[in-house]
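> Take a look at the letters that make up each chain.
There are 2 protein chains.
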Amino acid sequence: MDMKTRPAIDRLRIDGARLWASLMELARIGATPKGGVCRLTLTDLDKQGRDLVLGWARAAGMEVVIDKIGNGFMRRPGRNNSLPPVVTGSHIDTQPTGGKFDGNYGVLAGLEVVRTLNDHGVQTEAPIEVAFWTNEEGSRFVPVMMGSGVFAKAFTLEHAYAAKDVDGKTVRGELERIGYIGPQEPGEHPIGCYFETHIEQGPVLEDNDKVIGVVGGVLGIRWYDCTVTGMEAHAGPTPMALRKDALQVATRLMQEVVACAHRHPPHGRGTVGMVQVHPNSRNVIPGRVKFSIDLRNATDALCDAMDADIRGVAAKLTAETGLPIQIDLVSHYPAQPFHPDCIAAVARATEKLGYSHMPCVSGAGHDAVYMARLAPAGMIFIPCKDGISHNEIEDAKPEHITAGCNVLLHAMLERAGVAG
Amino acid sequence: MDMKTRPAIDRLRIDGARLWASLMELARIGATPKGGVCRLTLTDLDKQGRDLVLGWARAAGMEVVIDKIGNGFMRRPGRNNSLPPVVTGSHIDTQPTGGKFDGNYGVLAGLEVVRTLNDHGVQTEAPIEVAFWTNEEGSRFVPVMMGSGVFAKAFTLEHAYAAKDVDGKTVRGELERIGYIGPQEPGEHPIGCYFETHIEQGPVLEDNDKVIGVVGGVLGIRWYDCTVTGMEAHAGPTPMALRKDALQVATRLMQEVVACAHRHPPHGRGTVGMVQVHPNSRNVIPGRVKFSIDLRNATDALCDAMDADIRGVAAKLTAETGLPIQIDLVSHYPAQPFHPDCIAAVARATEKLGYSHMPCVSGAGHDAVYMARLAPAGMIFIPCKDGISHNEIEDAKPEHITAGCNVLLHAMLERAGVAG
Chain A
1 MDMKTRPAID RLRIDGARLW ASLMELARIG ATPKGGVCRL TLTDLDKQGR DLVLGWARAA
61 GMEVVIDKIG NGFMRRPGRN NSLPPVVTGS HIDTQPTGGK FDGNYGVLAG LEVVRTLNDH
121 GVQTEAPIEV AFWTNEEGSR FVPVMMGSGV FAKAFTLEHA YAAKDVDGKT VRGELERIGY
181 IGPQEPGEHP IGCYFETHIE QGPVLEDNDK VIGVVGGVLG IRWYDCTVTG MEAHAGPTPM
241 ALRKDALQVA TRLMQEVVAC AHRHPPHGRG TVGMVQVHPN SRNVIPGRVK FSIDLRNATD
301 ALCDAMDADI RGVAAKLTAE TGLPIQIDLV SHYPAQPFHP DCIAAVARAT EKLGYSHMPC
361 VSGAGHDAVY MARLAPAGMI FIPCKDGISH NEIEDAKPEH ITAGCNVLLH AMLERAGVAG
Chain B
1 MDMKTRPAID RLRIDGARLW ASLMELARIG ATPKGGVCRL TLTDLDKQGR DLVLGWARAA
61 GMEVVIDKIG NGFMRRPGRN NSLPPVVTGS HIDTQPTGGK FDGNYGVLAG LEVVRTLNDH
121 GVQTEAPIEV AFWTNEEGSR FVPVMMGSGV FAKAFTLEHA YAAKDVDGKT VRGELERIGY
181 IGPQEPGEHP IGCYFETHIE QGPVLEDNDK VIGVVGGVLG IRWYDCTVTG MEAHAGPTPM
241 ALRKDALQVA TRLMQEVVAC AHRHPPHGRG TVGMVQVHPN SRNVIPGRVK FSIDLRNATD
301 ALCDAMDADI RGVAAKLTAE TGLPIQIDLV SHYPAQPFHP DCIAAVARAT EKLGYSHMPC
361 VSGAGHDAVY MARLAPAGMI FIPCKDGISH NEIEDAKPEH ITAGCNVLLH AMLERAGVAG
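In order, the protein sequences belong to chains A and B.
Counting from 1, one number per residue, gives the positions in the first sequence under this note's numbering.
Counting from 1, one number per residue, gives the positions in the second sequence under this note's numbering.
Just so you know, these hints were derived from the structure itself, not from any lab.
Hints should not be assumed to be uniformly reliable.
Which copy? The list can't say, so a pair holds if one copy fits it or any two copies do.
[Said to hold, decoys possible] Taking lysine-lysine and the DSS-like style, the derived pairs with C-alpha atoms no more than 25 Å apart in a straight line are:
id, residue 1, residue 2
1, Lys290, Lys244
2, Lys244, Lys385
3, Lys385, Lys68
4, Lys316, Lys385
5, Lys352, Lys244
6, Lys169, Lys316
7, Lys153, Lys290
Work the whole structure out from these sequences, hints included.
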């Protein structure tokens with residue numbers, strides 16, 4: 001057919017209005033008065049959301065498979081079904097005060113790609129699949145990115161099943177209750193390559209006035225607990241020279257956390273988010289200050305360098321002030337670069353479509369991080385208003401929603417190949 | 001008699017062993033297992049302590065007067081009883097985890113002065129009085145320094161009476177219950193001049209290896225609440241250049257609180273004791289940081305200069321970063337210089353006795369601050385171990401206890417005059 005010619009394929013565009021309408025319809029399940037969505041994983045509302053999406057998939061002629069952790073795979077066969085599928089997806093669970101787009105956009109963008117291919121009678125060489133992953137948010141059950149993590153064998157199915165919410169309900173029990181324990185063993189499902197479309201959840205694209213972020217990878221994260229020990233004393237009778245003020249040493253190190261990020265550009269990030277001062281009394285010189293350090297960078301080598309940097313600064317501060325500083329690594333997520341072929345496919349699709357774009361990194365985790373351990377993977381970011389996410393006021397422009405989905409369409413077509 | 005000759009008077013010394021024994025006996029009332037004292041104001045234990053001290057005073061031939069706020073005045077008449085008395089005193093209430101010396105030393109040192117004068121048959125020209133002031137500590141009822149504050153009309157008797165403890169019991173009710181509402185109107189009691197002997201509650205004397213601190217005055221205090229407002233954002237997706245990190249601006253100002261104290265030597269003090277970070281989450285850039293500022297210096301003019309300094313620094317930080325900083329003055333205690341005559345009397349007594357000494361300031365409030373509003377006043381400090389006070393491990397050396405009391409004896413004798 002005509003659509004199979006290269007120029008015709010190049011002119012293929014998704015239906016932005018249909019995609020937007022689907023997003024708005026899904027967002028009604030768990031809609032909050034402030035315009036957000038509260039659809040926590042494995043609740044009745046999550047079941048309604050899953051049922052709606054799978055209903056749309058079946059209506060689009062797709063085959064549905066659910067695995068034992070409740071991940072859903074919606075398949076559009078290709079010409080050569082012995083090829084591993086080109087997969088896209090994300091999640092449809094939300095934060096308690098979540099928005100309409102986080103995760104949901106990635107799943108419905110995949111569905112819109114399939115609907116578009118159907119409309120135009122395009123057959124791909126490899127099959128195409130759209131996945132939703134169970135409990136990406138982690139706000140009801142930990143760990144986060146649970147479905148994709150079990151799938152990638154980052155942790156076991158049993159571990160995930162045993163996770164409990166605040167009421168003591170387990171993942172296994174809740175999966176059974178909503179009818180989403182499927183027959184397939186997680187991970188026993190081929191992935192040819194993986195794309196995920198997502199709102200940026202940060203301010204970079206908006207700040208640079210770009211429509212598409214070509215995501216090169218996900219930053220590695222190191223989380224530390226840091227404790228500075230001084231000596232409590234009365235603020236009045238203790239002159240400056242005789243103090244062991246833990247907060248004064250701690251605040252210098254807090255400044256250095258940010259300086260350390262600036263010393264490791266362009267992707268170095270350093271944050272102190274949590275501070276506890278002891279005894280936290282107005283007229284007592286702090287005897288102990290505990291605070292968190294969050295360091296991120298694009299490669300593990302750079303994360304190692306930041307680790308050494310901040311430990312070196314702390315050692316110098318201790319040598320200078322005599323106050324001991326303890327730095328404990330409490331969590332560690334390796335950096336995850338995406339596959340050059342997938343990054344290139346996204347970049348080429350964006351170029352072809354004529355959207356403004358820039359290379360970027362993801363500072364937060366996504367299901368794509370686990371998929372990248374199994375197959376070539378890549379991500380497509382679009383701007384979100386003021387960089388705000390995990391918030392009911394999360395917002396994205398319809399034209400950006402459309403653009404990201406068009407990029408997904410063409411990147412997937414490049415990887416899947418057009419039959420004929 | 002022989003004692004009335006100048007050389008004999010100069011050789012007069014208190015009985016250090018007797019003073020120490022009295023301190024240890026009083027410390028048994030409310031003694032804690034860790035070696036401290038818990039004798040909160042207006043409790044049954046406070047009544048026992050008051051009764052013991054007044055019993056000792058009566059045994060020493062003193063006349064006892066109690067006023068309506070429970071302040072006790074123990075009087076040793078002089079030759080000329082139309083002269084206003086030379087008064088010394090302090091308090092015998094303690095912190096919940098207090099030590100044996102804070103306050104108690106000042107009262108019992110006064111009693112030991114009287115006992116010594118009795119032993120040697122010394123008659124003074126002016127009468128001598130020893131006072132204990134109700135509720136100096138303020139840990140059960142606020143305001144602190146309640147008895148001396150009512151006496152000096154810093155606030156009214158009614159205001160003090162109405163103060164409630166955590167169980168809702170009032171000062172008036174508790175004073176009545178322990179039988180310590182006396183007939184005298186607070187303040188209607190002449191004070192010729194006032195001395196107070198006290199442990200330093202700081203590390204300066206110990207650090208300088210001096211036995212006596214000749215106290216020039218009490219530092220003025222300014223208490224502020226400070227709030228820096230930024231913008232909460234995820235630590236991952238938000239690059240350094242696009243952050244409004246309230247903590248990074250707050251920590252610079254916290255550093256400047258200490259720098260400001262160093263810019264106003266030798267008595268400038270700057271402390272940040274209390275910090276609240278919002279939302280205080282490991283992977284969220286702080287959107288708001290609230291913290292306390294405590295600035296102290298020896299004169300109100302220097303306190304004003306520190307106030308202007310820190311506000312100027314905050315304004316520069318706001319101009320540089322764009323983050324608003326609000327600084328609210330929440331409490332204000334004026335500086336209280338002591339009277340040159342009393343300071344000189346303490347210095348001369350110390351010189352005469354041959355003790356090592358240094359001029360110093362009090363960084364904390366004492367009853368002497370209110371007395372200085374009514375009459376010439378001065379204080380005598382002795383070292384306490386590691387500068388620690390308001391703690392069960394508070395400690396002082398017997399030889400320092402003795403030395404401070406000898407200084408008190410000779411300073412009071414200078415002011416009272418020896419009859420004959």
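> With identical chains, the pair lysine 385 and lysine 68 could be close in the same copy or across copies; at 25 Å between alpha carbons, which is it: within, between, both, or neither?
Neither: 36 Å inside a chain and 67 Å across chains, both beyond 25 Å.
> For the identical chains here, do lysine 316 and lysine 385 meet the 25 Å Cα criterion within one copy, between copies, both, or neither?
Neither. Shortest intra-copy (42 Å) and inter-copy (30 Å) distances fail the 25 Å Cα cut-off.
> For lysine 169 vs lysine 316, is the C-alpha pair at or below 25 Å within one copy, between two copies, both, or neither?
Cα proximity of lysine 169 and lysine 316: none, with 48 Å in one copy and 53 Å across.
> My question is about lysine 290 and lysine 244: at a cut-off of 25 Å on alpha-carbon distance, are they close within one copy, between copies, both, or neither?
both (15 Å within a copy, 22 Å between copies)
> Given identical chains, is lysine 352 near lysine 244, meaning Cα to Cα at most 25 Å, within a copy, between copies, both, or neither?
neither (62 Å within a copy, 36 Å between copies)
> At most 25 Å between CA atoms: does that hold for lysine 244 and lysine 385 within a copy, between copies, both, or neither?
between (45 Å within a copy, 16 Å between copies)
> At most 25 Å between CA atoms: does that hold for lysine 153 and lysine 290 within a copy, between copies, both, or neither?
neither (34 Å within a copy, 43 Å between copies)
Violation of the numbered hints given earlier is confined to hints 3, 4, 5, 6 and 7; the remaining hints are satisfied by the structure.
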